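There are 2 protein chains.
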Amino acid sequence: MDEDRVARSAQLALLLEVSAYPKPGNVDRTHDFVDTSYEHFLASSVAVYPVLREAAVRKGRGVGELIRKGVEESVKWQHGGNTHFGALLLLIPLAMAAGASDDCATPVLRSKANDIMRNTDVEDAIELYRAFPMAKVRVRRDVAELDVMNEASIEEIRNRQLSLFDILSISAPYDLVSRELVGGFEKSFRYAALIADFRDERLRLNDAITHAYLNLLAEEEDTFVKMKFGADKSRYVKERARGIVERGYRRGELEEFDHELIKAGINPGSSADLIAAALFIAILQGLKVY
Amino acid sequence: MDEDRVARSAQLALLLEVSAYPKPGNVDRTHDFVDTSYEHFLASSVAVYPVLREAAVRKGRGVGELIRKGVEESVKWQHGGNTHFGALLLLIPLAMAAGASDDCATPVLRSKANDIMRNTDVEDAIELYRAFPMAKVRVRRDVAELDVMNEASIEEIRNRQLSLFDILSISAPYDLVSRELVGGFEKSFRYAALIADFRDERLRLNDAITHAYLNLLAEEEDTFVKMKFGADKSRYVKERARGIVERGYRRGELEEFDHELIKAGINPGSSADLIAAALFIAILQGLKVY
Chain U
1 MDEDRVARSA
11 QLALLLEVSA
21 YPKPGNVDRT
31 HDFVDTSYEH
41 FLASSVAVYP
51 VLREAAVRKG
61 RGVGELIRKG
71 VEESVKWQHG
81 GNTHFGALLL
91 LIPLAMAAGA
101 SDDCATPVLR
111 SKANDIMRNT
121 DVEDAIELYR
131 AFPMAKVRVR
141 RDVAELDVMN
151 EASIEEIRNR
161 QLSLFDILSI
171 SAPYDLVSRE
181 LVGGFEKSFR
191 YAALIADFRD
201 ERLRLNDAIT
211 HAYLNLLAEE
221 EDTFVKMKFG
231 ADKSRYVKER
241 ARGIVERGYR
251 RGELEEFDHE
261 LIKAGINPGS
271 SADLIAAALF
281 IAILQGLKVY
Chain W
1 MDEDRVARSA
11 QLALLLEVSA
21 YPKPGNVDRT
31 HDFVDTSYEH
41 FLASSVAVYP
51 VLREAAVRKG
61 RGVGELIRKG
71 VEESVKWQHG
81 GNTHFGALLL
91 LIPLAMAAGA
101 SDDCATPVLR
111 SKANDIMRNT
121 DVEDAIELYR
131 AFPMAKVRVR
141 RDVAELDVMN
151 EASIEEIRNR
161 QLSLFDILSI
171 SAPYDLVSRE
181 LVGGFEKSFR
191 YAALIADFRD
201 ERLRLNDAIT
211 HAYLNLLAEE
221 EDTFVKMKFG
231 ADKSRYVKER
241 ARGIVERGYR
251 RGELEEFDHE
261 LIKAGINPGS
271 SADLIAAALF
281 IAILQGLKVY
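Protein sequence lines correspond, in order, to chains U and W. First residue of the first sequence: 1, per my numbering; consecutive thereafter. First residue of the second sequence: 1, per my numbering; consecutive thereafter.
The following block holds chain U by itself, in its conformation from the complex (with noise of 0.2 Å):
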């Protein structure tokens, strides 16, 4: 698929993500955090165009060094921290097999971002680690040996000869855009589909991405989340979102859990990253802003 087509439709995803609202405990365009404001993730949105441009071109070689190119872009462009660091480790690899095929059906695109992330190697994986510093994201440094904050954890890759995938599968017990990464892109995939077949409902585009998410918080628990508050918040998050869709997105629901996690500092980042993922292949299946 041709490039400029594939890095607008990723970009798409990232606007319409960061945009929709209310989103419990996530920038939306109706509010900021301290330090990462909306205009940052649109300024982000607008840094990473050549870099997903150059993944369609790529079609496959060098995951890794598109991604910390697209760290190193956000961040000239905007100093808000961590904006896109999960939304491009997920968006890359499914931009090259976009790029690498005119067939979007979701057997194709799947198989071939699952072969690309298989396809990884050592140099893809240090590349990771030199963009990890740069992105400011908040990570778990509990496998030592590989610490992502740690210099001396490239030269422990290189002599274990892990590729991106293999680091990745060390991750995915606990990180769900790992999991994504290494387990074939499945949620993204549903939720591409959840996201369709809202649209098909005639929902508002704005409440097919918001429903979409509600209904991913309630299945799966967020990694910042979990990380930064522990089992029992990440679960209290879960339960509180299942309750919302199940009484069918009221409203007034959504808004006093958005404020109660904005409140408590709680954002589900990996949840809205793989909504990006999930509108991106939407988009590039047929999606529009009509």
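Derived by calculation from the structure, the hints in this document are not laboratory data. It is possible that some hints are incorrect.
Since the list can't tell identical chains apart, any single copy or any two copies may satisfy a pair.
To be verified - The calculated PhoX-like cross-link candidates involving lysine-lysine, where the alpha carbons are at most 25 Å apart (straight line), are: (1) LYS136 <-> LYS288; (2) LYS69 <-> LYS288; (3) LYS76 <-> LYS288; (4) LYS233 <-> LYS263.
These numbers were taken from a predicted model, which means no experiment stands behind them.
We have chain U; now place chain W onto it with these hints.
This is chain W only, laid out in the frame that chain U set:
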């Protein structure tokens, strides 16, 4: 200047402009029009990226063609009607000027953009007339022999050998955007400097944009408002904006004015286009999202 830097600067300008709020009478992140929503503006800003990039590569020839292409891409990616017609008219020659030089100082960029407009030809004029019907833009139709909605006008343009510059000179007396294009982008550069000054005074980026917009409303009667509601109404809007500026942009007054204009369907669209051009220049000259 690198084409991706030019295109990203222009795109970021479009996104920051439409996101700034409250921007009395226009679409912003907090409200939509009936047919044109905030999401339509997001999708249109994404859609035009490759055309903005091409403008920076072309460095001067084909202004009309690129405006027509920009409108084509915009309406392919969203069905919200006229989002960026006026803005594209201003951004395309500015992007060409920026692409032609590494120096973005006002005298260099302004003189280059001015040369580009003065060197437009009959083909540029014809392309503009092709773009009009696609953009669904509201226009004055009292210059009968050159009615933009009449196919025969293209023949007339060819017979009289009118360039794009000639055509815009005809509409300049009553049209703010045309006046900018034939008058050397005077206001675009002046408002770019004003936005930069507001930022130097430590205003939030959002407020720097809305204050500049209010200043423009207070200085200049908006083309759309005058055309749709007449001279009395457009003078009223101007006086009202002046009062708000003089009393120091009180939030309550801004919101009340916004509410009043939205309710009456008064949208100063040309002023928004000009602020997008000013933002583009300001970003090229160093305005940051920090």
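Each hint tested on the structure:
1. In this assembly of identical chains, the alpha carbons of LYS136 and LYS288 lie at most 25 Å apart only when taken from different copies (19 Å versus 33 Å within one copy).
2. For the homomeric pair LYS69 and LYS288, the shortest alpha-carbon distance between copies (20 Å) is at most 25 Å, but the shortest distance inside one copy (29 Å) is not.
3. For the homomeric pair LYS76 and LYS288, the shortest alpha-carbon distance between copies (10 Å) is at most 25 Å, but the shortest distance inside one copy (31 Å) is not.
4. Taking the shortest alpha-carbon separations for LYS233 and LYS263, only the intra-copy value of 14 Å comes in at or below 25 Å, while the best inter-copy value is 44 Å.
Checked against the numbered hints listed earlier, the structure breaks none of them; every hint is satisfied.
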